[in-house]
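In case you want the letters, here they are:
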Amino acid sequence: GAVVSQHPSWVICKSGTSVKIECRSLDFQATTMFWYRQFPKQSLMLMATSNEGSKATYEQGVEKDKFLINHASLTLSTLTVTSAHPEDSSFYICSARRTGGNANTGELFFGEGSRLTVL
Amino acid sequence: DAKTTQPPSMDCAEGRAANLPCNHSTISGNEYVYWYRQIHSQGPQYIIHGLKNNETNEMASLIITEDRKSSTLILPHATLRDTAVYYCLSSNTGKLIFGQGTTLQVKP
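So the protein sequences, as listed, match chains A and B.
Using our numbering, the first residue of the first sequence is number 1, and each one after it goes up by one.
Using our numbering, the first residue of the second sequence is number 1, and each one after it goes up by one.
Check each hint, because a few of them may be wrong.
With a Cα cut of at most 16 Å, we get these calculated EDC-like pairs of lysine to aspartate or glutamate [said to hold, decoys possible]:
| hint | chain 1 | residue 1 | chain 2 | residue 2 |
| --- | --- | --- | --- | --- |
| 1 | B | 95 | A | 59 |
| 2 | B | 107 | B | 31 |
| 3 | A | 66 | A | 88 |
| 4 | B | 95 | A | 88 |
| 5 | A | 14 | A | 107 |
| 6 | B | 95 | B | 14 |
One-sided and incomplete, this derived list gives chain B residues near chain A with beta-carbon spacing under 8 Å [stated by the list, open to error]:
| hint | residue |
| --- | --- |
| 7 | 43 |
| 8 | 46 |
| 9 | 74 |
| 10 | 94 |
| 11 | 97 |
| 12 | 98 |
| 13 | 101 |
| 14 | 105 |
| 15 | 108 |
Because the hints were derived from the structure by calculation, they are not lab data.
Beta carbons: idealized from backbone N, C-alpha and C, even for Gly.
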């Protein structure tokens, strides 16, 4: 199957700093990527849809100025958590859909996730 | 996207078939049914998806009822490594919204 890589896999930062998480599709191009957040013992919550070359679409309740998403190429999307606070500590997961495939039928490939801990 | 409902947990004996049900009674005609699983602290892993017909791959089989209001994921010979949270989702927009899933515990 296709590979989606996230970096870093885990990060610890101080409160008030910004953290960037990268999501790369390694062997396919992805016009659309998705960012999820998962708290302990909870399900994945969709945060935003990242579209190559255009602005991300955020889900209701997700602060776009706090969670900056950039999708500058067909293989890379980044999520920047700005001015991170302890409540932002979570497992952040991205997924990507192969470009050219039917958007309604193809499977999404997920990254391994990035665990953020804000002290 | 249609809401899906799954039992919160299930047990299965190692080597036996695991049958995981999912209800999607409000699914629309062009929505696909997707199954993913998540092993602790990892990203979700794609298992299988389908529209109307039953599907089978190297991991599992997907049985969709004729009215498409429910489906069953079948792991033919469950192993301890199949212990995970299994998510059933439906979508026609390319966006997947996760519910709480079913925690499958495979026991020796």
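Next on the checklist: Hints numbered earlier in the text: which of these fail when held up against the supplied structure?
Outcome noted: Going through the list in order, the structure violates hints 2, 4, 5, 6, 9, 14, 15 and respects the others.
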